[in-house]
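A.B. asks: So you can see what is in the structure, the chains are spelled out below.
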Amino acid sequence: MIFSDLLIIGTAVMLLLSILVIVLVIFQQKQVIQHKLAIRDKDLQLQKERLMAILQGQEQERKRIAEDLHDEVGAQLSVLKLNLNQLQPLLKTENKELEQLKETKDFTDTIIQHLRFISQSLHPQALENLGLSKALDSFCNLMNKNKQVKISFKDEGNPHHVDIEKALNIYRVVQELINNILKHAQATQIEITYQCNANALQINVVDNGNGLLVASLEKPGPRTGSLGLRNIESRLNVIGGTISYSAGIGGGTNAEIRVENYQSAEE
Amino acid sequence: MVNNIKVAIADDHKIFRSGVINTLTPYENISVVFEAEDGAHLLQIMEDQQPDVILMDLKMPNMDGIEATKKVREKYANVKVIVLTMYEDDNFIVHLIENGANAYLLKNAEPGEIYEAICTTYEKGFYFNENVNLALLKKVMHKNKQHFKPTFRNEVQLTDRELEVLRLICNEYTTQEISKEIFLSPRTVEGLRQKLLEKTGAKNIVGLVMHAFRNGLIE
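Top to bottom, those sequences are chains A and B.
Under this note's numbering, the first residue of the first sequence is numbered 94, with each subsequent residue one higher.
Under this note's numbering, the first residue of the second sequence is numbered 4, with each subsequent residue one higher.
Source of the hints: derived by calculation from the structure; they are not laboratory data.
Hints are not guaranteed to be accurate.
Straight-line C-alpha distance at most 25 Å; calculated DSS-like pairs for lysine-lysine [claimed, not checked]: (1) Lys247/A / Lys78/B; (2) Lys243/A / Lys141/B; (3) Lys247/A / Lys206/B; (4) Lys202/B / Lys74/B; (5) Lys141/B / Lys238/A; (6) Lys198/A / Lys141/B; (7) Lys78/B / Lys206/B; (8) Lys135/A / Lys156/A; (9) Lys142/B / Lys238/A.
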């Protein structure tokens, strides 16, 4: 009687103890996992900040080079051309002297034109003065002068001011998309549509190319992606935007960029 | 020939200012009255003396050419602004013309064109070269495609005479030439010009021309 009572009590105590041990172990492990998660979050945050710093540094450097080229070298080349003009009255018409001068002047113009192209590709001055929509329009104009593909730009109206930092990142994303299309898609036409309301900004880049991009993204397996595509994702990640790709009507690709909370904080 | 047009240059590059002055020296009816290093400097000098025409760079420290053009337009309605810049960009052209610039030239323009622009803006109030025309045309076409309706604002009713003068202004006729063309005295033409500015609410001749463009009065 006493023995069996003792046995029951003993077993119960043992049972309780082991439950307690199990609970403690589970609790402990949960804490470890939580701690690990916290560390990983911190790491991610740190990585994001580092990425932002790298991108910012890169942009500052590009801006400086673009401005030096455009403003300093550009001014000097313009003076060179003015000086060449002053030679004109001193030259004789025979011996092709005037012709040679004209060729030299034209060549100077060509250099200035290249300089404009390089500096605008490095940093879009229109972005700071005229805003994202106008800067993208200017970018399309520039590309149309220099490439085989025809790019059209449509702004659906409702101008809202875009935060300058975010605007620059969105500009770069569109630039990268166009570069990708030129390199891989064999498109002849690209249409960019710019829409925004108070909450979200949406840009669609639609091409009439081979649509290989969408096909490659649909393939199973790990997404390696080109450096360009990864750049696009990390830039959008930094400003809290998203991008999705879908097949366009009749071939080609439709890339859709969406950014919420795109306006400057102080407004 | 118009005699002695007073020209000022606002540009942060001394070497470029000197280049322009050298280029303009052979033209006897033009005298460069002062140079400014940036927009703020320009406005400071203009408190004491005003030129007829300003050659304005866009990218300058302290106050850029966009801001300075707006300020000049607010304070000195009669002073003409010719933008002289490295930026070849339709959006900049439209933006500057809308904010009161009377002409837009690139820094590598031929000296002859710079001279012509100075004389034409002085005489006629504006000088639009092919670059400007194309940029404005693109803008107008773009607007038409979207939400723009080609009607006058309700209160604007122009008489046939006024319309005729407006068309001639858009075709770069001077007051003298207009008066010869439609057999009215220059003073009457001047009066009609003022009336047009009042009726359309334009601040200057450029605004008037933009208005005509937008409302489809120019073929």
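A.B. asks: Against each hint, give a clear statement of whether it holds in the structure.
C.D. replies: Hint check:
no.	hint	verdict
1	Lys247/A / Lys78/B	36 Å, violated
2	Lys243/A / Lys141/B	16 Å, holds
3	Lys247/A / Lys206/B	30 Å, violated
4	Lys202/B / Lys74/B	24 Å, holds
5	Lys141/B / Lys238/A	15 Å, holds
6	Lys198/A / Lys141/B	29 Å, violated
7	Lys78/B / Lys206/B	12 Å, holds
8	Lys135/A / Lys156/A	31 Å, violated
9	Lys142/B / Lys238/A	18 Å, holds
Figure legend: structure checked against the earlier numbered hints; hints not met, in rising order: 1, 3, 6 and 8.
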